[in-house]
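Listed here are the chains, written in short residue letters.
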Amino acid sequence: MTEFDAATAAVQAALDAGARYADARVMHRRYESMTARNGDVEELTQDESIGLGVRALVGASWGFHAVPDLSDAAARDAGRRATRTAMASARVPGPSVDLVPVEAVTASWASGCQIDPLGVALSDKGDLLVDVTRTMAEHGADLAEGLYQIWDTTKWFVSSEGHRIDQRIRECGGGISATSIGDGETQRRSWPSYRGQYGTTGWELVESLDLAAHAAQIAEESRALLTAPPCPAGETDLILGGEQLALQIHESVGHAIELDRILGWEAAFAGTSWLDLAQLGSLRYGSELMNITIDPTIPGALGSFGFDDEGSPAVKRDAVRDGRWVGVLAGRDSAAMASLDYGGSVRADGWARLPMVRMTNVGLEPGPHTLEEIIAATDDGVLMDLNRSWSIDDKRLNFQFGCEVGWEIKKGRRGRMLRNPTYTGIGPLFWRSMDMLSSETVSWGTPNCGKGQPGQVGHTGHPAAPARFRNVRVGVSA
Amino acid sequence: MSARSEVELAGQVVELVRRLGGPAAQAEAVVTRADLALTRFANSGIHQNVSESTVGVRLRVHVDGRTAAGGGSVVTADGLSALVERTLAAARLCPPDPGWPGLAPPMPTPGALPVDEATAHAEPDQRADRVGAFVAAAGGLSTAGYCRTAHRSSAFANSAGHSAYGRAVEAAMDGIARRDGADGVARRSADRLSDLDGAELGAQAAAKAQAAADPVELPPGHYEVVFEPAAVADLLQNLSFYGFNGKRYAERQSFAEPGAAQFDRAVTVVDDPLGGSGLPFDAEGTGRRALTLVEAGTTRAVAHDRRTGAEAGAESTGHAVAGGATWGPMPRNLRLNGAVAGPASAVGRSTTGAAGGAVVDADTAALVAGVRRGLLVTDLWYTRVLDPRSLVVTGLTRNGVWLIEDGTVVRAVRDLRFTESYPRALGPGAVLGLGARAVRQPDRVDGVWWAAPSLRLASWHFTGGASG
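Quick mapping for you: the protein sequence lines, in order, are chains A and B.
Residue 11 in my numbering is what sits at position 11 of the first sequence, and the numbering runs on without skipping anything.
Residue 660 in my numbering is what sits at position 182 of the second sequence, and the numbering runs on without skipping anything.
Simulated from the structure, these hints should not be mistaken for laboratory data.
The structure displayed is predicted, hence computed values, not measured ones.
Every residue gets a Cβ at the ideal spot worked out from N, C-alpha and C, and that includes glycine.
Check the hints yourself; a few may be wrong.
Just a few of them, taken from the derived set where beta-carbon distance is under 7 Å, the chain B residues facing chain A [said to hold, decoys possible]:
1. Leu516
2. Ala546
3. Cys572
4. Thr872
5. Arg922
Here chain B stands alone, though its shape is the one from the complex:
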């Protein structure tokens, strides 16, 4: 299938709706071809190695004031006709949809980053070789993780005359090295597979695993913390899904109050879908663009699709997703901006001793240097929301925690459970420092990423140790 065929298929689906549903029927269709591959390793060997070449059609129709959606993988003429017929039939049997916002009008598609063809067509050998480099660089420690590549080619068309086409690629690598039950991690998301250095990541994970050995248990309580980018990515993800989601905002389930200084002045959060190789339009065909959600501590916006935008008297911000009527529009390419003027990398102190490999970059070292007593946290795990409005979250640390005393990492600590309100932890006066460089972290789904620098917070509420 070529780009032309995806565009033609999307147009064909819209035309079928017009033919079978009448001239008043409104329709939008997205046709996406995907080549996804993931090479997974454990116990330092590749144990799962998968790829898929798929095509999918998403269709939404609005007819006689009623709305239904459908999808499928069958793109033959009969398959498309069946999809259109059953979606139209479903719409006619539905109750009226008074909130239907109408279709996106014709609009130019924003420019997107050029696709790296080598990544789009990467072979399994190339992923395996990066895994091999990761394993070799771990110096004999047991390793586990994955290397993945993804390529999506997608066309949009609607019956209002709007159409768009785009491609996206992503390469990601995420791995751990293990020593006596202590794990160290390294992960990256990139636009080019060639930007992923398995050896560099493996060495980093191994250094952290070595530094995580022989952990001690600390009592629960409030601790000053330095979060590395992997941990900050979890903050961004929960802020996005539960806070900057226009549906949850309209339902008063979000903490977000646009115009209010809800965060520390150091916090600026931007959703930047075209900051990486992403599709240039959303599920409704609206062009995607950067959206500042928090500017110097003041909440500026929440994300909208056409439905939540219409309800709020605002425009769509280009965040429609399939299933969005239920889950709401979600920003999925968030970047927490790094510190503009420092802390300069040069002021960071090297950590020495048994925990010497805990700090793997100068930004984090600089933040650690300012902590009298606190914890360095690499990663957060299994975070779940206790209350969406206050965004109180519980979860655990993972892949390395260390005690910091007088600006130096002194020893490894066993994992801790926390229960904390994310907006409160990032509130005015709570951010004591940011690294300069935002590091892009992959999500579980390709095309979704979270970019963050290391972050120093005044307080984090740990509510339990590894023993309970």
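Isolated chain A (complex conformation):
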């Protein structure tokens, strides 16, 4: 019995039990991670998981069931249970459910991969982390940490409309962090990002990060931060590095444009959105430099795929064009409810989880400047980079971020390093204040986006480059 056979059996059983639509995903995932600390390997884990999740629609109600068994009997039982659960949902019904049309295709897709990350010898991967963490410890870090993570996922998708799609997506990445501990606080510096940079690529991504070349410098900077002056409090011009801007996009744009949040489906947990569908196409989200795309077709970016988990093909769309809000992240049912004609952004984090609206690659198109030009054009401000803390309200409006490091900007030059830099603001006001944007775009990968109940961890990508924002409140402290 093949994986397609199991998925087909589950879908057929769901239909036989009374569903008007059903789909099923078989997923096989191998996961490997290694962490090292102060020159020793701290933990090595290798997991392998396979199972089937089936979704059934009865009337206006959904049901979902998942099992780790791909036998015909288990698959059929899962289909029947999904339908039975959907019938139970009808005891407290919601509005009618439609699905926007998607061509039923038979297709295969695979992400690019030059060096199979699971094929690289564990000893080589271990040596890399041991060496770089030892270097950081030798250069003053009290805690020198390094890690990599690898996911190798194959999916088989079948729907009652005739989809039959298999995909193989390989993802990997890694990074290093140095923490220095003072009397009353800790300071951390990371490269290229805390807990690493990730993509739908092979081990070549980790090699390109050149962790060894940055180990000594970030260790020394973490130590120096302990005695650096604190970020001053007040309003100033803020320059964000690309890594921090990627998270700013993720939190204050990506989540805000999720259609399930806009429709209230996440109201009790992840929250809603300040966006109102009535303003789609007319609302000014940010300055005219702000062009945000939803693009799962970017080669190597972490949120890339061939088809989403409803069988919709990857398509690039605008979310914000010239500062105006024009698009959302949607699924087939949420799009139909909102009278839109596209889904394409629905994914599940494993076979045991219900597919839901998730970010793909949501990022800024490049601007006309460089970071050095932005600094040179800034008379008085602060440059911040690498996220350390992030918090935003349930409507995705009021945010506060902390960064690992700040630098004073005076008269167009980068000055002293500043510790504990934070900034806070309101999403649309902040984005409307963006007046300079670099062309130095990197597709940052975020492998830890939490959403849903039961919880799911999404992998998202965020093309971003340094940018300047005017009159931002910085230096918030306890």
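Please build the complex by placing chain B on the supplied structure of chain A, with the hints as guidance.
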């Protein structure tokens, strides 16, 4: 699969390691079968309704001085052999692990609460009916939330001859009612689904939503606060993960100083994993038991697994988790003890007027009654740590904030952002009152809960309003 099969599978994995890795290979295995179900509602209708019947194996091996871990969902003979082979191969390629603490020796498994079979085998109709009762009790307000049930059956075995078996169940309900963008919340965690009253929770959420209407914006600053149990649960969670974590303590990233009077004398915090229907052993097979972390304001302990315990010259406290070598051992069933002798519920004043439904229990009413000017806070949201050592946290209020004047809730307030050091806010002299009854709050993960009474604090630093 039966309990016997889980025990047999765990033993089978350990035996495979012995056979393929040699007699000196050390191994520990955990086999867990889980039936998890969650019925989710929004806009007053069920929109997501999921269940899963899964089995998982976790294996850790130590061979030739090297350690590796693995896991999987394939429990066929071939699948288990593959798991053992790749985990052994990984261990052999790893650098040496000088901190390996050895396996847990044979020890008796503590007694656990009996499992409620009705909860373990709850049907989707039963969850849906509780959702229906919540929705109906909200009196026409829009509602959202979930009802979930969880059942885990888990067996442990290691090559030192230790084995254990246990089961755990949990039922939880968490919902909001909404009025013109103002939300009220009610949530509970219980050992029995039958203990969850959807109508009671729905009515409570609706009363708070009604009371939260027409909020005003207050300027940032330091305010006296009364936190309801949902908000206190966030304090406990952050104290646990960042403070009472033996790895972070060893790394000097924790504020905790055992023996020091770091908290107000009113504060006693106990991790009590068997206070609910929890598994009686941790990921290393060590028996779980109550651990007093703070006693009358004095920090007494941090949580250890075998590795951090060995590093600290202490015993494991039964807090090992999968992935613990990286994240550290974490207490996940914390209870902030309620006031022993009061404040008695009878002294609480009823709040009247437009904000009348803000206070839903006598404990909170009693604390509110003592506040000259301050804020009643129901819930905290999106809390993130700015610095782990001082445990400075930023976050927002959610699901209702009200201004208190002269002991009475007078009106709703818009959400506020705060930036505050949690240990400092709970420090000596900072706790002005505790409710008598700790209310168990569910976590995002089943089996994890935080029990707390309402709490009155002298000062909380709000650093921004809803407008920035």
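Quick rundown of the hints versus the structure:
At about 6 Å, the closest approach between the beta carbon of B/Leu516 and any beta carbon in chain A falls short of 7 Å, and the interface hint on this residue holds. Among the interface hints, the one on B/Ala546 holds; its C-beta lies about 5 Å from the nearest C-beta in chain A, closer than the 7 Å criterion. A least Cβ separation of about 5 Å between B/Cys572 and chain A falls short of the 7 Å threshold, and the interface hint therefore holds. A cut of 7 Å between beta carbons decides the hint on B/Thr872: the least distance to chain A is about 5 Å, and the hint holds.
Annotation: interface hint on B/Arg922 holds; nearest CB of chain A at approximately 5 Å, less than 7 Å.
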